[in-house]
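Line by line, the protein sequences are chains A and B.
Each residue of the first sequence is one higher than the one before, counting from 0 in numbering that gives the first Met the number 0.
Each residue of the second sequence is one higher than the one before, counting from 0 in numbering that gives the first Met the number 0.
Some hints here could point you the wrong way.
With a Cα cut of at most 20 angstroms, we get these calculated EDC-like pairs of lysine to aspartate or glutamate [what the hints assert, rightly or not]:
#	chain 1	residue 1	chain 2	residue 2
1	B	Lys-26	A	Glu-175
2	A	Lys-492	A	Glu-520
3	A	Lys-739	A	Glu-641
4	A	Lys-127	B	Asp-31
5	B	Lys-33	A	Glu-175
6	A	Lys-566	A	Asp-535
7	A	Lys-246	B	Asp-31
8	A	Lys-292	B	Asp-31
9	A	Lys-657	A	Glu-635
10	A	Lys-628	A	Glu-598
11	A	Lys-173	B	Asp-32
12	A	Lys-593	A	Asp-572
13	A	Lys-118	B	Asp-43
14	A	Lys-320	A	Glu-391
15	B	Lys-33	A	Asp-100
16	A	Lys-538	A	Asp-572
17	A	Lys-620	A	Glu-520
18	A	Lys-297	B	Asp-32
19	A	Lys-147	A	Glu-159
20	A	Lys-173	A	Asp-100
21	A	Lys-297	B	Asp-31
22	A	Lys-143	A	Asp-75
23	A	Lys-657	A	Asp-572
24	A	Lys-13	A	Glu-32
25	A	Lys-173	B	Asp-31
26	A	Lys-297	A	Asp-731
27	A	Lys-67	A	Asp-717
28	A	Lys-538	A	Asp-561
29	A	Lys-127	B	Asp-32
30	A	Lys-739	A	Glu-645
31	B	Lys-33	A	Glu-114
32	A	Lys-118	A	Glu-151
33	A	Lys-733	A	Glu-520
34	A	Lys-628	A	Glu-531
These aren't lab readings, by the way, just hints derived from the structure by calculation.
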Amino acid sequence: MEQLEVLERKTETKLYCFHCGDECRDEIIHIDEKIFCCNGCKTVYEILNNSNLCNYYSIDQSPGITRKHYIKRNYDFLNDNDLKLKLIDFSNGQRTQLTLDIPQMHCSSCIWILENLYKLNHGIISSKVNFLQKKIFISYQEEKTSLKNIVELLDSIGYEPQLNLDDRKEEKNKNEYRSLYYKIGIAGFCFGNIMLLSFPEYLSIDVAGHEELKRIFAYLNIILSLPVFFYSANIYFISAWKGLKKKFINIDVPLALGIAVLFIRSIVEIVFMNGAGYLDSLSGLVFFLLIGKLFQNKTYETLNFERNYKSYFPIAVTIQKNKIETTIPVEKLQIGNRLIIRNNELIPADSILIKGNANIDYGFVTGESIPVNKVNGEVVYAGGKQIGSAIEVETIKDVSQSYLTQLWNNKAFRKDQEHEQESRIISFANTVSKYFTIIILALAVIAALIWHNNSTLAFNAFTAVLIVACPCALALSTPFALGNTLRIFGKNKFYLKNTFIIEKLAAVNSIVFDKTGTITENNSSSVEFIGEKLNDDEKTFIKSAVRNSTHPLSTAIFDSIDSKVIKIIDVYDELPGKGIYAVINGNEIKLGSKFFINENQEEDANDFSTKVFLSVNRKVKGYFNIANKYRGGLRETVSELERNYELALLSGDNEGEKEKLRNFFGTDNELHFRQSPQNKLDFILQLQENGKKVLMIGDGLNDAGALKQSDVGISVSDNTNNFSPACDGIMDSKSFYRLKDFIKFSNSSMKIIFSSFVLSLIYNLIGLGFAFTGMLSPLIAAILMPLSSITAVVFTTVTTNVLAKRRGLI
Amino acid sequence: MSVIVVLICASLLVATGFLIAYLWAVKHGQYDDKYTPSVRILFDDEKKSEDRNKKSVVKNNSDF
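Assemble the whole structure, with the sequences as input and the hints as a guide.
Structure below.
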């Protein structure tokens with residue numbers, strides 16, 4: 000008896016899967032004295048164990064990816080040659096190189112196993128991982144293995160690659176990154192050496208009798224400054240020129256002016272006046288500016304902010320042609336093709352249902368994840384996901400012309416790339432530099448006029464004003480303040496595309512929320528049973544019955560019932576669109592719609608809430624009320640934001656939860672229901688036409704248009720590695736409650752930039768004092784310019800960190 | 000004094016060598032991935048790893 004109790008207590012303590020580390024709740028599988036939560040995890044362990052790859056488990060604890068929800072996919076389409084050519088990098092017929100995205104990799108064990116793939120498939124020559132980009136580079140022998148085999152292998156051990164056809168722009172990004180490294184390296188090298196050669200000048204060391212040494216040093220400086228001026232600094236000239244061509248003065252215009260004047264004046268001084276020039280200041284300035292650019296260019300390599308519907312859609316579909324099933328790339332799909340859509344597959348284009356039992360989940364399109372039942376002859380829309388057995392459909396529209404995808408033909412998605420270019424971005428620095436440039440040019444002319452009697456002095460004063468007034472502190476404070484803010488946000492799992500978004504976020508005055516998936520939690524709903532109290536047996540029966548169904552409502556009920564025992568079912572039948580019928584231990588259980596349970600009762604057309612009725616032995620017991628679960632902190636977030644911002648809610652859903660939402664949003668804010676993706680986009684457009692700067696917070700494809708149209712579009716995601724639609728930022732759903740802090744902090748960052756600008760103006764004024772009197776010596780310039788730059792950098796980084804700490808963001 | 004000129008030229012040459020080494024490193028992708036190599040270097044060699052694995056199995060069992 001005592002022993003039995005001990006045993007029972009032992010099962011009470013939580014057991015964790017050896018493979019994935021999840022708690023084993025429903026079933027426990029023992030093998031080799033190890034415990035697994037599901038068959039999938041066990042299978043992966045066996046594969047690895049057979050190849051002596053169990054080191055996988057010793058590098059990190061429980062490194063695996065849970066296989067509970069694993070669905071085996073069909074990769075036959077990878078035999079298609081056109082498709083294969085698009086996926087591989089290079090092939091000479093024998094050796095092929097391939098790059099795959101593997102978003103699941105998360106620890107050192109993953110790196111280890113992925114780099115030891117050759118032990119699992121002998122056709123693989125080598126595999127190399129880039130962890131930060133979550134990419135794997137594989138080279139393999141064509142005769143021993145194939146693309147399909149490799150993808151299947153990766154899938155079987157839990158690293159399903161993300162196959163994507165439109166990811167080719169990264170190569171360009173990489174080159175840009177490298178060229179910045181080159182530029183910094185060269186600028187740094189020249190800066191250091193020029194400083195060294197300028198030391199005699201700084202220390203006023205008397206080189207009397209060795210005049211020629213001074214000359215040699217000065218000419219060496221010129222040689223060293225050439226690559227800085229013509230190579231490292233050229234991005235500023237290019238950007239300034241691009242801006243000017245569009246009649247737009249950006250921050251790079253005064254910078255380029257300052258750099259050019261520094262260079263010309265230095266050459267003139269050295270060659271004609273036997274002077275020392277300001278080449279040290281020039282190269283130092285360029286070096287610091289480039290470092291600022293690198294700091295600002297923080298990118299989240301694994302996140303993709305530019306995805307469109309193509310990333311969601313399968314890259315291949317199964318079609319039936321002359322009664323033979325083949326897979327073709329989705330681009331080759333034509334109107335009138337007969338498609339076969341299996342469980343959990345997406346419908347790629349609007350189609351008519353021909354055969355089968357369609358249960359379509361339009362979660363992507365409407366945000367509503369409860370499947371809709373369709374009968375033969377009805378239209379099923381692109382973006383819907385089939386739940387259940389395979390269906391046959393015939394396409395009636397092209398992929399790009401379908402109900403959901405035509406959203407991407409909207410002009411919001413055609414904003415020309417140039418619009419996004421840095422040279423045109425309306426930022427604080429660019430706005431200021433417009434006035435700044437005009438004022439310093441005017442001052443320089445005045446200074447030249449004061450000394451008009453003496454042409455040398457006039458030239459000196461004119462150039463000196465342009466040199467000291469070079470807004471290097473402003474140009475540095477922006478990247479450092481915003482770059483740091485971007486990093487602080489990143490630490491809080493709020494990832495922005497670039498630093499300009501912070502400025503836009505600070506300017507927002509209207510916030511629009513999506514409902515499903517954004518302010519509600521995705522995979523959990525609150526289930527409440529209303530009716531007669533259920534006894535333990537009945538609970539067990541219900542849990543056993545719903546276990547057999549994949550319908551989301553069944554899963555929700557299954558999760559809500561707290562019973563460890565599962566009974567064997569004698570009779571089970573699932574009637575799509577109606578409910579479940581099961582017989583357990585002679586008890587008849589019926590779960591489903593009101594009409595299904597009791598045929599005398601009509602459905603209440605005005606009741607939009609989700610209810611699942613229950614009868615046991617033909618006696619109606621009551622119903623499960625299934626409601627969305629709102630994210631924690633929603634109430635505080637809304638009430639805080641309400642004070643300063645205009646709020647609105649757009650939902651693709653029905654009005655079922657309107658009353659509940661009024662609780663959160665009060666009576667002043669707009670709530671709109673049954674919004675199509677197009678409606679959402681139009682709503683944002685309308686707000687913008689009324690002069691609002693809109694922040695849109697959404698999640699799925701159905702918000703894609705609104706996210707793109709809005710000034711700042713942020714997508715909320717449970718797993719930031721998952722696909723999210725094109726947006727400016729991705730927020731981990733766990734950080735949702737911090738939204739108000741993020742917005743406030745972006746405001747603070749802008750204030751910091753402003754303060755730093757005032758600070759740099761003071762330096763400029765001191766410098767102008769020297770410049771006007773024509774007394775700007777290379778020594779003063781060499782002290783003043785780095786000093787103001789360093790002050791700007793230190794001031795902005797320190798203040799952003801202090802403020803972030805005060806707000807609890809670090 | 001000319002010795003200084005010689006010295007400066009020599010130091011510039013050495014510095015240029017380092018600059019070229021840096022540019023070469025960037026070109027060959029050493030700055031593309033700044034994380035994975037740091038993990039990769041810690042993986043044990045094949046023979047050792049089997050011993051370690053045995054040990055860790057024991058350790059893992061005691062955890063449960």
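Hints, one by one, checked against the model:
no., hint, in the structure
1, B:Lys-26 / A:Glu-175, "holds (12 angstroms)"
2, A:Lys-492 / A:Glu-520, "holds (17 angstroms)"
3, A:Lys-739 / A:Glu-641, "holds (10 angstroms)"
4, A:Lys-127 / B:Asp-31, "holds (13 angstroms)"
5, B:Lys-33 / A:Glu-175, "holds (17 angstroms)"
6, A:Lys-566 / A:Asp-535, "holds (12 angstroms)"
7, A:Lys-246 / B:Asp-31, "violated (37 angstroms)"
8, A:Lys-292 / B:Asp-31, "holds (17 angstroms)"
9, A:Lys-657 / A:Glu-635, "holds (19 angstroms)"
10, A:Lys-628 / A:Glu-598, "violated (31 angstroms)"
11, A:Lys-173 / B:Asp-32, "holds (11 angstroms)"
12, A:Lys-593 / A:Asp-572, "holds (17 angstroms)"
13, A:Lys-118 / B:Asp-43, "holds (16 angstroms)"
14, A:Lys-320 / A:Glu-391, "holds (12 angstroms)"
15, B:Lys-33 / A:Asp-100, "holds (18 angstroms)"
16, A:Lys-538 / A:Asp-572, "holds (19 angstroms)"
17, A:Lys-620 / A:Glu-520, "violated (29 angstroms)"
18, A:Lys-297 / B:Asp-32, "holds (14 angstroms)"
19, A:Lys-147 / A:Glu-159, "holds (12 angstroms)"
20, A:Lys-173 / A:Asp-100, "holds (16 angstroms)"
21, A:Lys-297 / B:Asp-31, "holds (13 angstroms)"
22, A:Lys-143 / A:Asp-75, "holds (17 angstroms)"
23, A:Lys-657 / A:Asp-572, "violated (35 angstroms)"
24, A:Lys-13 / A:Glu-32, "holds (16 angstroms)"
25, A:Lys-173 / B:Asp-31, "holds (8 angstroms)"
26, A:Lys-297 / A:Asp-731, "holds (18 angstroms)"
27, A:Lys-67 / A:Asp-717, "holds (18 angstroms)"
28, A:Lys-538 / A:Asp-561, "holds (8 angstroms)"
29, A:Lys-127 / B:Asp-32, "holds (11 angstroms)"
30, A:Lys-739 / A:Glu-645, "holds (13 angstroms)"
31, B:Lys-33 / A:Glu-114, "holds (17 angstroms)"
32, A:Lys-118 / A:Glu-151, "holds (15 angstroms)"
33, A:Lys-733 / A:Glu-520, "holds (10 angstroms)"
34, A:Lys-628 / A:Glu-531, "violated (24 angstroms)"
Hint check: violations occur at hints 7, 10, 17, 23 and 34; the rest are consistent with the structure.
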